[in-house]
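S.K.: For reference, the chains in residue letters:
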Amino acid sequence: MTPNSQNAVITVVGRDRVGIIAAVAGLLADVQVNIKDISQTILQDIFTMIMLVDIRSMTVGILELGERLEQLGETIGISIRVQHADIFDTMHRI
Amino acid sequence: MFNDLEILETLRMFQEQHLDVRTITMGISLLDCATASHQETCRRIYDKISRRAADLVRVGDAISREYGIPIINRRIAVTPIALVAASGDSADYTCYAKALDAAAAQVGVDFIGGFSALVHKGSSHSDDNLIAAIPEALAGTNLVCASVNVATTRTGINMDAVRAMGEVILETARLTADRDAYGCCKLVVFANAPEDNPFMAGAFTGPGEPECAINVGVSGPGVVKHALEAVRGEDLGSVAETIKRAAFKITRVGQLVAREASRRLGVPFGIIDLSLAPTPVVGDSVARILEEMGLETCGAWGTTAALAMLNDAVKKGGTMASSFVGGLSGAFIPVSEDEGMIAAAASGRISLEKLEAMTSVCSVGIDMVAIPGDVSAATIAAIIADEMAIGTFNNKTTAVRLIPVPGKTVGDTVHYGGLLGSAPIMAVNPASAEAFIARGGRIPAPIHSMRN
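The listed protein sequences derive, respectively, from chains B and C. Numbers in this note's numbering are just positions in the first sequence, counted from 1, shifted up by 653. Counting along the second sequence from 1, when you hit position 34 you're at 31 in this note's numbering, and nothing is skipped either side.
Honestly, I wouldn't trust all of these hints.
[What the hints assert, rightly or not] Only pairs whose alpha carbons sit at most 20 Å apart, straight line, appear in this in silico SDA-like list of lysine to any residue:
1. Lys45/C x Asp125/C
2. Lys312/C x Lys689/B
3. Lys312/C x His745/B
4. Lys689/B x Asp1/C
5. Lys313/C x His745/B
6. Lys313/C x Arg746/B
7. Lys95/C x Arg746/B
8. Lys241/C x Arg746/B
Quick caveat, the hints were computed from the structure, so don't treat them as lab data. As the structure is a computational prediction, the values presented were derived from the model and not from experiment.
Turn these sequences into a full structure, and let the hints steer you where they fit.
M.R.: This is how it looks when you write it as structure tokens:
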């Protein structure tokens, strides 16, 4: 387990529509968050996107990023969560 | 790094299976607060807790949001007040409970534990004062929890204390009768009480603990139940293996939270408590795990065997996930706080006697069980004595949190709300133990306590 890794995981879940990735990526670029990996699937008609991002040079704190993504999610009607990558590392890697 | 399935599995655990960290509990030693003046001691207690725990709630909230982990409670556990107040100039210890309550409210925690005494071999004057003050202390405060350790495997059972606790529980019920004996929800009688338990109502900071420590209790019955749904029909070895894997993941979450809380607060990490702690929410029940294993209802024959295996597999999976394990570390079977247990009790499929048997293979004991308000103090003491015997003679922690509800009887249900849930009143064997309890004295330590 690498403590305090500089990665975060953003998960976007909701009904598919035009411009979700653009909106999320635009917000991330504004705060200097680098996208390292994106994957997306449609699970039971639900659009699911998972982004691995680098938050080393981020100009805001992770709590503020979370709030801004949440607001963006509300305006376009989807759920967006950001979580420190440590939680996934911790749970799935020994 | 990790794949999409792992990420989604983690998300579902939090969002659908009610995985959460039940509590971050800060243990604080109050030994240096003792003075000859009770007012001065109370002032020091208030000041020290307010200072030490000033950032506990803020840090807990920040960790919760950054990692997306629900953290349900923030709590404080302090040195047993009977030790801190011993040299004070007042025999009325309710003032200490008020100081704890005020400090807990000031820092914004959910509960504070440690209005406690350790009397497993005998009681000091200070212990007697504390026990006498429990009913009023619990009736007159909101956040304070009390506990009394009346037995250990090394010393045997202090039956004078057991008898006293029967009366204290009834008196606490009487003083909080307007809230269906709510005071009794905050009072635990222990055998072999752990000194680093983060769970309420029995948390306190034992005299062997450091100045300050972070202890974390996880919860995750829903995750275990969900994992078992994938192995329906397979043999019990496979069930045990599945539970171990789920327990590992649950405990790792606790370990991460504990490590971060410890780092950010500048307080050493104590332990992770591996207990599976249920809540009254649907999908967060220990009883439903036992039913998933193949029992029609929790309480059916087979329940003790299923629970023994569950409890053991949780420990085996959890131990490897954490650097230090402690506290109670066993499945909880509180009746009012577990949706499946409430249903089993309401349908009459589980009895107090079956609960007692279950406590021989898990933690904690007869917990959050509501009984008729007219049960005698001697009978309550006898229930405590039986439970203490199970703990003492089997080298494990056991506890009793009984709620004799004034004016209520079998068929009624009491509602406490929140984590405490609701409890159908359970029947108590009416045969008397009056003469047995009246004997008092000590039950000697079992032969296998002599290990030197």
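S.K.: Does Arg746/B lie within 20 Å of Lys95/C when you go C-alpha to C-alpha?
M.R.: Status violated; Cα separation ~46 Å.
S.K.: Below or equal to 20 Å on CA atoms is what counts here, so check Lys312/C against His745/B.
M.R.: holds, 18 Å
S.K.: Checking one constraint from the list: CA of Lys689/B to CA of Asp1/C, max 20 Å. Satisfied?
M.R.: holds, 14 Å
S.K.: Do the alpha carbons of Lys241/C and Arg746/B lie within 20 Å of each other, as the hint requires?
M.R.: holds, 15 Å
S.K.: Take the C-alpha atoms of Lys313/C and His745/B, compute the straight-line distance between them, and say whether it is at most 20 Å.
M.R.: holds, 17 Å
S.K.: When you check the alpha-carbon spacing of Lys45/C and Asp125/C, does it fall within 20 Å?
M.R.: Violated, because 25 Å separates the two Cα atoms, which is more than 20 Å.
S.K.: Verify the proposed pairing of Lys312/C with Lys689/B, using a straight-line Cα cut of 20 Å.
M.R.: Violated - the C-alpha atoms of Lys689/B and Lys312/C are around 37 Å apart, more than 20 Å.
S.K.: With a cut-off of 20 Å on the C-alpha distance, tell me whether Lys313/C and Arg746/B pass.
M.R.: Distance of about 17 Å is within 20 Å: holds.
In this structure, the earlier hints numbered 1, 2 and 7 are contradicted, and the remaining ones agree with it.
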